[in-house]
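K.L.:
These protein sequence lines map, in sequence, to chains A and B.
Heads up, the final residue of the first sequence is numbered 397 in the numbering used here, and it's a clean run with no missing numbers.
Heads up, the final residue of the second sequence is numbered 397 in the numbering used here, and it's a clean run with no missing numbers.
Because the hints were derived from the structure by calculation, they are not lab data.
Keep in mind that a hint or two might mislead.
No copy labels: a pair is met if it fits in one copy or bridges any two.
[To be verified] Below, computed lysine-lysine pairings styled on DSBU-like, alpha-carbon distance capped at 35 Å:
#, residue 1, residue 2
1, K282, K177
2, K261, K246
3, K177, K271
4, K177, K352
5, K285, K391
6, K177, K368
7, K368, K285
8, K368, K352
As the structure is a computational prediction, the values presented were derived from the model and not from experiment.
Number of protein chains: 2
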Amino acid sequence: MKFEVTILGSSSATPIFNRNPTSQALNVNERLYLIDCGEGTQQQMLKFDVKASRIDHIFISHLHGDHYLGLVGLLSSLHLNGRIKPLNLYCPRQLKEIIDLQLLCSETDLQYEITYKFTNPNEAEIILENQDVTVETIPLDHGMACTGFLFREKKRLRKLLKEKIEEIKIPVEYFTALKKGADYVASDGKVYKNDTLTFDSNAPKTYVYCSDTSYNEMYFKQISNATMLYHEATFLNNMLERARDTRHTTALQAGEIALKTNAGKLLIGHFSARYKTLNELLDEARSVFPLTELAIEGKVFVIGD
Amino acid sequence: MKFEVTILGSSSATPIFNRNPTSQALNVNERLYLIDCGEGTQQQMLKFDVKASRIDHIFISHLHGDHYLGLVGLLSSLHLNGRIKPLNLYCPRQLKEIIDLQLLCSETDLQYEITYKFTNPNEAEIILENQDVTVETIPLDHGMACTGFLFREKKRLRKLLKEKIEEIKIPVEYFTALKKGADYVASDGKVYKNDTLTFDSNAPKTYVYCSDTSYNEMYFKQISNATMLYHEATFLNNMLERARDTRHTTALQAGEIALKTNAGKLLIGHFSARYKTLNELLDEARSVFPLTELAIEGKVFVIGD
């Protein structure tokens, strides 16, 4: 099952040439989930071949402009391009007011329905569950209502013990039931318990997205053992005080969080425009957590690779 | 005196790779006037070296997203970059409500003041007059409140009749007064009337910006004799019916408008995303009005050149 993320934007609020504010497109089993939608996200989607029409779920972490100012344009373009299937939007409550006002002022009556699920900044909760993933909010510490998102693959099917299956000569039409946990009753009435025929596949993989936050242990437990952790790293650690004041994280801290929460891999992003190149941020995070990568525009990361 | 326009965006609402929604930066005597501000305008300004800090006046024609969705991000960036000098915003009344709501939701308290001047979609009026230009609104026909803008250079100083000046031996310190229209009184008391010493310089140049509109003679008189006319040309003329339905103009019509209103030069823009290349639009407008150019991203047009 495909589980990969395409980075559409990597920068924080102040604009810098050739970097875009935060947005990511997560592909789970060929369905697209858009996470945050900074200004210019539509252009980034065109550039990196992310099909807007394939997005059914959009997640907005908080209402700082660099995380959502591309959204109304995208909603409007979907309308202009003929979308009729509903769209699900997971976001702070006030965003509905903003969208409604902007659509009203542009005299736009969307042809498709937006189904809102408002996030609760104080408590983690499951906001989506379908055949492929469950999605939980992660309350973060950003001085305003702000949640990250945890995407967990649905528990995978069990795997067949091939030698045993061949030995008993179980017909292929039973395989799906076996993978789902059923026992096998042979034509002679003999019962083979499922755990003698199959084994547990790997644990479900997770992608954790921590958009904007101070270093704060309050969310460490929830994000622990992430297959891949995306964490903001706005500053170098020599700006720790500024990071604290603005409720952001340094690259060193992001590395420490990955280490403490036992992440499989760390992506860092949301870089301040003051950093014209990003090597120092990467080196700093890697000094603590070597399996770190820069979440830069156009990069595609396979989760669990 | 510098009088030139840099095109920052040329496309209509539906996004297309490498074209941006409408925005233009007008430079009059080294002061910048931003006209419309579609999504991504900040990135375009970085790309084409248009300094946001030098903008004191922003004009928004109407509240379709492709003409203003980049504005709140820009206002926020000016704040983050330490702006304290006031900013003047000329726009439909409802835009203030949108901006206020978005700033409230992002908990942003701007360090600088925005002075609003709301445009009246029904009547042309002068909305700005300073030492360099006067700016008038142009009521357009777009099915919603929408105005274009007419920028007129301030009347220029008179020019000295050099031979006469030398003959009378007028000292250089009198030249500015003469250019402004004063008579000259010689040391012997003799009075020389100004019109014997100077002559009228060229007529003030004008830049006319017609963002989104149907072909409608109602605004032809006001825009006549433009030194340079920017006019939208969303469609080719084989889509005349669609242009009418959506209150837009075809390239052929734009050429006709330039011809009928005696424009010096025509720029066309606001191209539909259906046109991957723009040659046909240009050819169509030029078939009626040869002095036509495409208003494409990064182009700089000197007005009156």
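K.L.:
Hint by hint, note whether the structure agrees.
P.N.:
Do the hints match the structure? See the list:
1. K282 - K177: neither (49 Å within a copy, 86 Å between copies)
2. K261 - K246: within (30 Å within a copy, 94 Å between copies)
3. K177 - K271: within (33 Å within a copy, 67 Å between copies)
4. K177 - K352: The answer is neither: 42 Å in one copy and 46 Å across copies each exceed 35 Å.
5. K285 - K391: neither (45 Å within a copy, 74 Å between copies)
6. K177 - K368: between (41 Å within a copy, 27 Å between copies)
7. K368 - K285: neither (61 Å within a copy, 62 Å between copies)
8. K368 - K352: within (29 Å within a copy, 51 Å between copies)
This entry does not satisfy hints 1, 4, 5, 7, going by the numbered hints stated previously.
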